Each structure stands twice: as structure tokens, then as C-alpha cells.
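Asks: Sequence:
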Amino acid sequence: MKKRLSLALGILGLYCLFLVVMLPIGFVLNMVNLPHNIQLSGVKGTIWQSHFDTVIVDNIRIDNVDASLSVLSLLSFHPSVDVTFGDPMLSGIDGHATVSGTSTLQIQNTEINIPANLIAQFVPTPIELTAHKYIELKLETFELGEPICGALVGQIDWRKAAVTVYGQKVDLLDLRADLHCNNGEIKLAVKQPNGLGLSLTATLGKNMNMYGQGYIQPSATTPKAIMDVLPLVSRPDGQGRYPLRF
546 MKKRLSLALG ILGLYCLFLV VMLPIGFVLN MVNLPHNIQL SGVKGTIWQS
596 HFDTVIVDNI RIDNVDASLS VLSLLSFHPS VDVTFGDPML SGIDGHATVS
646 GTSTLQIQNT EINIPANLIA QFVPTPIELT AHKYIELKLE TFELGEPICG
696 ALVGQIDWRK AAVTVYGQKV DLLDLRADLH CNNGEIKLAV KQPNGLGLSL
746 TATLGKNMNM YGQGYIQPSA TTPKAIMDVL PLVSRPDGQG RYPLRF
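Here the sequence shown is numbered in my numbering, starting from 546 and rising by one per residue.
Keep in mind the hints are simulated off the structure, nothing from the lab.
Quick caveat, the model's predicted, so the values are computed rather than measured.
Derived pair list, reagent style DSS-like, types lysine-lysine, alpha-carbon separation capped at 30 angstroms:
no.: 1; residue 1: 751; residue 2: 736
no.: 2; residue 1: 736; residue 2: 678
no.: 3; residue 1: 732; residue 2: 683
no.: 4; residue 1: 683; residue 2: 705
Ranges between beta-carbon positions, derived for each pair:
no.: 5; residue 1: 705; residue 2: 791; range: 17 to 27 angstroms
no.: 6; residue 1: 777; residue 2: 569; range: 50 to 60 angstroms
no.: 7; residue 1: 671; residue 2: 727; range: 17 to 27 angstroms
no.: 8; residue 1: 711; residue 2: 574; range: 40 to 50 angstroms
no.: 9; residue 1: 768; residue 2: 586; range: 36 to 46 angstroms
no.: 10; residue 1: 776; residue 2: 599; range: 39 to 49 angstroms
no.: 11; residue 1: 788; residue 2: 664; range: 18 to 28 angstroms
no.: 12; residue 1: 617; residue 2: 590; range: 17 to 27 angstroms
We treat Cβ as the ideally placed atom computed from N, Cα and C, and that holds for glycine.
Please put together the full structure from these sequences, using the hints given.
Replies: Next comes the structure, spelled out in C-alpha cells:
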């Protein structure tokens with residue numbers, strides 16, 4: 546009798562495990578109230594291996610999103626999901642990240658390529674401009690906090706940076722910046738020296754408000770195209786620096 550009961554319980558356990566493994570991700574999402582700013586389409590797969598044709602967050606579109614839930618991370622009670630998205634051969638956002646945590650969301654081992662002009666649309670600038678090329682975002686670690694972050698170590702690379710201002714394309718050379726968290730806000734500091742002579746710190750704070758200040762210090766090696774545009778952006782101070790503020 547005990548053997549039959551054990552066998553029955555074993556079969557029932559395997560059946561339940563099979564149901565969990567094969568549980569469609571679409572079924573799970575139908576039971577969740579997603580925020581109004583998030584839209585999902587083309588949902589396929591299971592909770593272990595899922596695919597989304599398109600994910601839209603605050604009108605920002607991300608295509609070909611694949612997510613893989615680590616079984617080992619569940620055994621350690623620290624669920625972890627590896628996410629890849631986009632296509633480096635096509636325009637748009639692409640990259641990969643590892644998302645984990647239970648009570649606190651953490652993002653690690655992240656590399657994302659973002660069209661520079663997409664980011665420029667969210668940065669208040671004194672003049673209209675079009676940004677070119679891609680900005681590469683690398684996050685060693687990010688921990689969600691109030692109002693935005695609890696911890697952050699990252700870097701931004703804008704290689705062969707360029708903008709078009711008043712119909713004139715201006716090459717900004719390579720620009721890099723460090724990212725860290727300060728009192729719950731994301732802080733960006735442009736690395737120096739750089740070919741533009743740019744010193745800039747920016748903050749992304751509560752309600753996703755961004756503000757920053759700095760200056761451009763022209764030198765003998767500053768490209769002529771930049772010197773032509775600077776008077777349209779700012780006026781030099783007593784030290785010959787062109788202040789920037791937004």
C-alpha cells in the first residue's frame with residue numbers, strides 16, 4: 546500500500562512539475578496588471594524561456610526580447626533572468642542584461658546600445674539638435690532604490706560622437722562618462738581629458754527629471770566646426786569657458 550501511495554505521489558509530483566515547466570508566459574502575464582506605460586506584443590514561450598516580439602516602455606520600442614529564467618537561481622532563492630534584445634545588425638536598441646532579486650530589483654552584466662538621438666530627445670538643450678551614432682551603456686551593477694537607485698556602477702561611451710546643429714554637422718570625437726548613485730539619484734560625470742574640452746555633470750532625479758551643468762574649454766586643438774557653433778550655445782566667461790546648463 547505504501548509503495549502504491551509513494552508511486553502515486555511521485556507521479557503527481559512529476560505531473561505538477563511538468564505543468565510548471567510548461568506554463569505559458571502569456572497565461573502568467575494575463576494574471577498580472579502591467580503598468581499603463583508598458584505594452585507587450587507577440588508573447589511566446591514558457592516562464593522558463595519566453596519571447597516578446599515587441600516591448601514598449603514610455604513609447605520607447607524594444608524588439609526581439611528573449612528572457613531565460615535560471616533554475617539554479619531559484620534553488621538559491623535569488624531568481625535571476627538573462628535577457629537579450631534587439632539586433633545589432635538593425636537600427637534600434639540592442640543588448641543584454643541579467644535581472645535578479647526578490648525584494649529589491651538588481652541589474653548586472655549589462656551592455657546596451659542606444660541610438661544617440663533617442664537619448665537626446667529626453668535631454669533639455671538650449672538649441673535643437675540631432676545626435677548621431679550610438680551610445681553604449683555598460684552597467685556593472687544597478688540596484689533599484691528611492692527615488693531611482695540604491696547602488697550603481699556604470700559607464701557610457703559615445704564613440705565618434707556627432708550632432709547636427711542649425712544644419713551643420715559637428716564632430717565631437719569620443720566622449721565617455723561614469724555613472725554612480727548619489728542620494729538615490731543617478732549621477733553622470735564626463736571623463737576628462739577629452740577632445741571637446743567638455744566638463745559636465747548631470748543628474749537624473751525624482752520623476753525622471755534631468756538637469757546638469759558644466760562648460761566647454763576651447764583649446765588650440767578644438768575643431769573649427771565646434772568653435773563656430775559655441776557662440777550659438779553660450780557666451781564665454783572670464784576664463785574663456787563656455788558655460789552649459791540645462
